[in-house]
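Q: Okay, here's what each chain looks like letter by letter:
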Amino acid sequence: MAGKSGREISIASNKSALSRVLSWEGALVLIFIAVNILGVILSENYTAANVLRQMPRYLAEIFILFPMGYILILADIDISVGSIVCLSATMACFAGNAGLPFPVVILVCLLVGLICGAVNGAILAKFTELPSMIVTLATQIIFRGIAEVSMGSGGTISYTNSADLIPLTTMAGPFPISFFGVVIAAVIFIVVLSKTTFGRKLYAIGSNKTAAYYAGVKVEKIRFIVFSLAGLMSGFCALVLLSVLFSANTTTGQGFEMEVIAMAVFGGIATTGGKGNLVGGFIAAFIIVCLRVALGLINMNTQLILVIIGLMLIIAVLMPGISQRIKTMKKMAKQS
Amino acid sequence: MAEDYILELKGITKIFPGVKALNNVQFQLRRGEVHALMGENGAGKSTFIKVITGVHAAEEGEMFLNGKKVRFKGPRDAQAAGIAAVYQHPTSYPELSVTENIFMGHEIRKFGMIQWNVMNQEAQKLLDRLDADFSPTEEMGALSVAQQQMVEIAKALSTKAKIIILDEPTAALTQSESEKLYRIVDQLKEEGVSIIFISHRFEDMYRLASRVTVFRDSQYIGTYDVDGITNADLIKAMVGREITDMYPKPEVKIGKEIFRIEGMTRTGYFKDVSLNVHAGEIVGLSGLVGAGRTEVMESVCGITKPNAGKVYLDGKQCRIRQPLDAMKEGIILLPEDRQKEGLILNWGLGQNVTLPIQSELAHSGFNDTAAEKKVAKQYLEEVDTKAVSIYDPASSLSGGNQQKVVVAKALAQKNMKVVIMDEPTKGVDVGAKAEIYAIMGELAKKGYGIIMISSEMPEIIGMCDRIYVMCKGRITGCLDRNEATQESILQLSMEKGNTKKEVAQG
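As you go down the protein sequences, you meet chains A and B in turn.
Per this note's numbering, residue 74 is the first one in the first sequence, and the count goes up by one each step.
Per this note's numbering, residue 72 is the first one in the second sequence, and the count goes up by one each step.
There is no bait here: all hints are sound.
As a list, the in silico DSS-like pairs of lysine-lysine whose alpha-carbon atoms are at most 25 Å apart:
hint: 1; chain 1: B; residue 1: Lys411; chain 2: A; residue 2: Lys199
hint: 2; chain 1: B; residue 1: Lys399; chain 2: A; residue 2: Lys268
hint: 3; chain 1: B; residue 1: Lys411; chain 2: A; residue 2: Lys282
hint: 4; chain 1: A; residue 1: Lys294; chain 2: B; residue 2: Lys376
hint: 5; chain 1: B; residue 1: Lys399; chain 2: A; residue 2: Lys294
hint: 6; chain 1: B; residue 1: Lys376; chain 2: A; residue 2: Lys282
hint: 7; chain 1: B; residue 1: Lys376; chain 2: A; residue 2: Lys199
hint: 8; chain 1: B; residue 1: Lys444; chain 2: A; residue 2: Lys291
hint: 9; chain 1: B; residue 1: Lys411; chain 2: A; residue 2: Lys348
hint: 10; chain 1: A; residue 1: Lys268; chain 2: B; residue 2: Lys445
hint: 11; chain 1: B; residue 1: Lys485; chain 2: A; residue 2: Lys268
hint: 12; chain 1: B; residue 1: Lys444; chain 2: A; residue 2: Lys348
hint: 13; chain 1: A; residue 1: Lys291; chain 2: B; residue 2: Lys381
hint: 14; chain 1: B; residue 1: Lys91; chain 2: A; residue 2: Lys400
hint: 15; chain 1: B; residue 1: Lys444; chain 2: A; residue 2: Lys268
hint: 16; chain 1: A; residue 1: Lys403; chain 2: B; residue 2: Lys91
hint: 17; chain 1: B; residue 1: Lys376; chain 2: A; residue 2: Lys291
hint: 18; chain 1: B; residue 1: Lys488; chain 2: A; residue 2: Lys291
hint: 19; chain 1: B; residue 1: Lys497; chain 2: A; residue 2: Lys282
hint: 20; chain 1: B; residue 1: Lys399; chain 2: A; residue 2: Lys282
hint: 21; chain 1: A; residue 1: Lys294; chain 2: B; residue 2: Lys411
hint: 22; chain 1: A; residue 1: Lys268; chain 2: B; residue 2: Lys448
hint: 23; chain 1: A; residue 1: Lys291; chain 2: B; residue 2: Lys399
hint: 24; chain 1: A; residue 1: Lys282; chain 2: B; residue 2: Lys444
Note that these hints are calculated values from the structure, not bench results.
These numbers come from a predicted model, not from an experiment.
Based on the sequences and whatever the hints tell you, model everything.
A: Here it is in structure tokens:
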């Protein structure tokens, strides 16, 4: 039944090289450079070696950025990750203090995260009518509650065999080892999202869940997997955090969920689902890390730093709207 | 002016960024007439209506109301001038009552307080006038589409409209509901209301209108007396070419049975539904909207879980628990609601076509984009989609072309054996309709089994070898091609008891 009209449908990509450079990721790279220039101007201590040495304590939460990006692309949200970090770190301390060998401690830490994530995923996959915001709000309270109860009245627990954690803080040349962890995770998550059928399904679900389901996508299975992944990565985050802090307390990981959501949104991922990619989120994460290091070096008040990051976020979410408006105005000008 | 026009538009041009949506069009509405406005999707009908109702301001042209030149600055001006529009998709508030919907924006007040009793009484009067079978205190969302449309008409009447515009009023209605709408329109006409209506259905036009104006490609083609025009002339005016055979049902040798369902039951939706399809056969599934046709097929395809029932393919029973299982077996559903269920509108056409088969084309989980592009191009061209590139977003296409993309998506699934088309031509213009029928014919020739769910009698009768009719969740009969008539189908679609009355009125 070949087309009667013989109409040809082009398969050439209509994106020019220029439009790629002018994309949001391109803008983020420029911002990244600008932030680093700013850092150098602000403080003579802002050197590559210094930034890298300061990095680990900010790196931890970037592990959660990647699965959070997936979750946002699914048009879902997970605000329990901070609590999962707290619970994983707490359990790892218990395991370590009980004298378990360090590999087992790592396993416990990751497993606790994975189980918490799987609980979220199972609830959401089973009761599809529940919004993920509410379910993870509930588990946020529950997970942190369990951690607090286990910590007891002190509200804190230290990792006594701190020598265990030393390998995690090694420097490989100028780079902290956790930096490589983040980069490896980034590569895996970015490639899976952009090159695999799994990644495509995430976008399909986030764009139109019903149509994806009709097209044979196992929507609930994928949501379960992604929420479980968020738990697992929270476990990684907890490990890196422990290697910096050597302890966990009731506020460990608090607010991480909002910080990684901010990074993702700053990186161009829409909370409405189906849009954006992790490359932007990854660059955005390092913009925020560098900014924090720079402002930290001049002893700026932490709260003030948060205000600045908040302002940047608002500008970032306004950007697409503004650029759209400029485009329309240009078009109108051309026509008249 | 010799003629008494209540509304006249001359030389209307409306430009949207990049396109001329209306190019120097004209229109005259006589006092008290029913005037049909026809044309393919994208011909400019809806834009034109929006110019009349003040939603869009035209760049050029003049509008005369009762012979006086008017210029509407917004919808409110049009409303004040007695023009009301009832849109294709009722624009209502489903959580509010019928009364609230009718008087939204012009509530009856006294000392700033809403007069509920007065409003309910007024609403009841309006509903009585329309012979409605529901009360003004009912919740809008609980009503059927036909009833919601009545509320919209009541709303138009409540503003004392002298000109009412109906935009595809029958698109979502069944035959008997359409009949009721026809009677309402007749009555409004008697009361002196002038009516413009847009429709793709020729029956509507013949039944109601005295004159018809045709637009094509944003231009005015002509205005004709309905009495003096033939179907063929009208199609030619709308499409710009002749369609010789609207229903190109090919002569296909019907093969052996390939698909059979037995005793499908889902509590509250349908009960004990059995049917079969042979290779090369087009089987219709008719009945009123809400008879359970879509629900049966959704259960067959694993979208919802039936309580009981078996599905056989080539004599072997299949286990279908989710949509993917049905697709793997070769049972492909083209869902009723293209925009919500069939397509991802913000995606390009190519990725829409290859979504179900991306895993088959992929190598150990990695997408093979080159292969995907090739497949997408092949099938999109095969169904003759009007598009420039596989990256065009699905939302940019007209209804007919969106449907073609859904068909391409089905064809790309190589193991397809049975294809279930749920209202394949709903909201599709006449040109694209003919193309979709042609594709169905080709599929039958190739030996696929085809099930078509449709509320449109002419296409069911024109295309199907056999027609199953459903009523209230049960199959009430199966008609052969040669015994199927509008009456025989309607009779089976109706509940016993009021059959005679409905048919007599039809």
